[in-house]
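Trainee: Quick note, the sequences are listed as chains F and A, same order. Position 240 (the first sequence) corresponds to 240 in the working numbering; numbering is contiguous. Position 55 (the second sequence) corresponds to 55 in the working numbering; numbering is contiguous.
Worth flagging that the hints you see were computed from the coordinates, not collected in a lab. Hints are not guaranteed to be accurate.
Below, computed lysine-lysine pairings styled on BS3-like, alpha-carbon distance capped at 25 Å [said to hold, decoys possible]:
1) Lys-307/F x Lys-15/A
2) Lys-54/A x Lys-235/F
3) Lys-23/F x Lys-103/F
4) Lys-103/F x Lys-37/F
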Amino acid sequence: MAFDPNNLMQDRITDIGPPKYDKFFPPVIKENFGKWKYHEILEPGVLVHVAESGAEIYSVRIGSARLISVDLIREMCDIADKYCDGYLRWTTRNNVEFLVSDKSKLQPLIDDLRSRGNWFPIGGTGNSITNIVHTQGWAHCHTPAIDASGVVKSVMDELFEYFGSHKLPAQVRIALACCLNMCGAVHCSDIAILGVHRKPPFIEHDRVQNVCEIPLVIAACPTAAIKPKKVGELKSIEINNNRCMFCGNCYTMCPALPLADGEGDGIAIWVGGKVSNVLSVPMFSKLAVPYIPNEPPRWPTAVNTVKKIVEAYAAGGRRYERVGDWINRIGWERFFEKTGLEFRHEHIDDYRLAMMTWRTTTQFKF
Amino acid sequence: MAQKHATPMLDELEKGPWPSFVTDVKRMAPKSKMCEDWLGLMEMSYRDKEGHWKHGGIVGVLGYGGGVIGRYCDRPDLFPNVAHFHTVRVNQPASKYYNTQILRQMCDLFERRGSGLTNMHGSTGDIVLLGTTTDELEPIFYELTHDLGMDLGGSGSNMRTPEGCLGMSRCEWSCVDTQDIIYDLTMEYQDALHRPMFPYKFKFKASGCPCDCVAAIARSDCSIIGTWRDNIRIDQEAVRAYVGGELVPHAGAGGREKGSFDIKAEVVDLCPTRCMEWDGKTLKIWDEDCTRCMHCIRVMPRALRPGLDTGATILVGAKAPILEGAQLSSVVIPFIKMEPPYGEFKEFVEKMWDYWMEHGKNRERLGEMIQRVSLREFLKACDLTPDPRMINTPRFNPYIFYDPAEVPGGWEHDGVAFRQRHQA
Chain F
1 MAFDPNNLMQ DRITDIGPPK YDKFFPPVIK ENFGKWKYHE ILEPGVLVHV AESGAEIYSV
61 RIGSARLISV DLIREMCDIA DKYCDGYLRW TTRNNVEFLV SDKSKLQPLI DDLRSRGNWF
121 PIGGTGNSIT NIVHTQGWAH CHTPAIDASG VVKSVMDELF EYFGSHKLPA QVRIALACCL
181 NMCGAVHCSD IAILGVHRKP PFIEHDRVQN VCEIPLVIAA CPTAAIKPKK VGELKSIEIN
241 NNRCMFCGNC YTMCPALPLA DGEGDGIAIW VGGKVSNVLS VPMFSKLAVP YIPNEPPRWP
301 TAVNTVKKIV EAYAAGGRRY ERVGDWINRI GWERFFEKTG LEFRHEHIDD YRLAMMTWRT
361 TTQFKF
Chain A
1 MAQKHATPML DELEKGPWPS FVTDVKRMAP KSKMCEDWLG LMEMSYRDKE GHWKHGGIVG
61 VLGYGGGVIG RYCDRPDLFP NVAHFHTVRV NQPASKYYNT QILRQMCDLF ERRGSGLTNM
121 HGSTGDIVLL GTTTDELEPI FYELTHDLGM DLGGSGSNMR TPEGCLGMSR CEWSCVDTQD
181 IIYDLTMEYQ DALHRPMFPY KFKFKASGCP CDCVAAIARS DCSIIGTWRD NIRIDQEAVR
241 AYVGGELVPH AGAGGREKGS FDIKAEVVDL CPTRCMEWDG KTLKIWDEDC TRCMHCIRVM
301 PRALRPGLDT GATILVGAKA PILEGAQLSS VVIPFIKMEP PYGEFKEFVE KMWDYWMEHG
361 KNRERLGEMI QRVSLREFLK ACDLTPDPRM INTPRFNPYI FYDPAEVPGG WEHDGVAFRQ
421 RHQA
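Just chain F, same shape as in the assembly (with noise of 0.2 Å):
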């Protein structure tokens, strides 16, 4: 039956859930399921995956915007219809997979994808950069610092280089988030870009009381800094600036709070964070550069401080090292020489458990 707006119960489905996992699978996937033997890259983004029956799946990595329009997908359509048998499948990194079963169309997919412009980079594969994870910035966010398309289409564009070939010591995850709430937890990359408040909010008495749940507002304070407050005849708030860390916890519970500013926000560059177990353990970014002006539309100073940061590793890092585990190997004194990155009281913890971080003995290097 058909959608009808005056009766939404008619033939109403809930709680389906997605299509179950294997009801897009290529057959070779099907059937080789839990049966995969190895794996080899065969060129940047180009991958064989072989089973124990000897069957073979080849993958093609290209990287994409996370924003697409339909015809752009309608595109990528078109390719695995003439390639792939129309499959296809997406990383969680933003890339997309080009799945062929049959070999013979491997290069005629390669030739093809090479020749329709810039639209799909192969690569993103072993010692690479592969593709910037990251949020919605000022595309579709209530509380964005930065914009996140822009800012990630820029700085591909520097190390496009890296993204196609296997030159890096490691791979290298880079990840942006426009905001400290972090949607895209960017907390754990080789390099993170984050966007920053770095004004208190405003308070607008007058909205406060009809828009905001103030018991809730003092309470998403981490820094306890909110107090109620009465000016005139209206309730509100007030708040001791001089607690207050920028997080914007308040203004997500109150949108009478606002503290995005174009002068104020900007960017700050974290670095040496991974997730995976290989080798060393799961570590978090750390502070590589409080602040860098918002500078649209092509943000030249974090873009090139980026770079520096890569090409430092590069020069430096040892076969496997991770971005982190050749800081730890040279130490933090000897990053901030090679990087020439300035170092400043921002890098020196004052928050929570800020000790743990304080060097405990005489061993640094000069």
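Since the structure of chain F is already known, use the hints to place chain A on it.
Mentor: Quick look at chain A alone, frame taken from chain F:
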């Protein structure tokens, strides 16, 4: 064709070798009024260096408490076609395999009933339909459920859309069937996914091995990470082939060069527990010392494979910084067999949720609650036994909360007897 709004700043993002989202959206603009105004609004954000979207209003589909994020722009006077620009989260098939038929159906639906812009995919894993109006929400939901066989994902204080790596479908290292685990949890807990019942969001992520390709350990309240507890499988013939330069090390991740491979420097000496030895002919691994970091397996994938007694390590509490600082997940179940129907695991999940729903404060993630009440209380609530694998080191402060049940006489003192022994 002339653009409705000039976008001199955005146009700069059409340059360079990486695919341009600006060019992509501009191609859509002639047939989508929403895309036209979205470009104008973005340009204004670029000029102001500030975003122009308001807090989400409460919108959704009947009977669901999540899956739709209300979004309104703050200059509807200038950009009326994005006055409403809501997001619809659609639960992706686990690990994001598609055929072109379902993708085209999705594209057609979202071109008809929305902006035609998407995120493939959002950070949590959902397919994100970016930008539609309130009156299109029910029709979109109807078509999704009736014609596409798809459903909404999570938002707000729900279980969020679970996500896993591609697991056994195309990876030889996966120790658990991540896709089935994720599908099973998603189906079992549809109610928690669609109707907010928790203090805050709750995320499951499953990775098939310790490489953790979905970043479960950093991004999920409950991380399921595949592992094994027997011996690494060794094909000594293949080890010698790597050493002899017949096979490409690291599966080609560091280039296709053969022959320069130094097994001692690149594998044996880098092993974090030094549990391997190479005598020129045979690779010996002392598996009881192995911590399963995956390095040797990654470097010699045709020679080494994870063991056969496989299962998962369960860790809990990861989250991004807001509110109490970023946390990684901590081990609470060192090893569990993860086999359908996952009864033992679900028993744990439900104990964990019951405790969190009772003790968690509003907007307190699981990891923050555990920090507040202590890991010990959490373990007790979930009937888990303390294990050295749960810690990096025992405590180094002496401030122990002893259990009165373990002290003879509990916390009671015999004050009279004490004073008979000691004058005040």
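Trainee: Evaluate each hint against the coordinates.
Mentor: Hint by hint, here is what the structure shows:
no., hint, verdict
1, Lys-307/F x Lys-15/A, "holds, 18 Å"
2, Lys-54/A x Lys-235/F, "holds, 23 Å"
3, Lys-23/F x Lys-103/F, "holds, 23 Å"
4, Lys-103/F x Lys-37/F, "holds, 18 Å"
Of the numbered hints stated above, none is contradicted by the structure.
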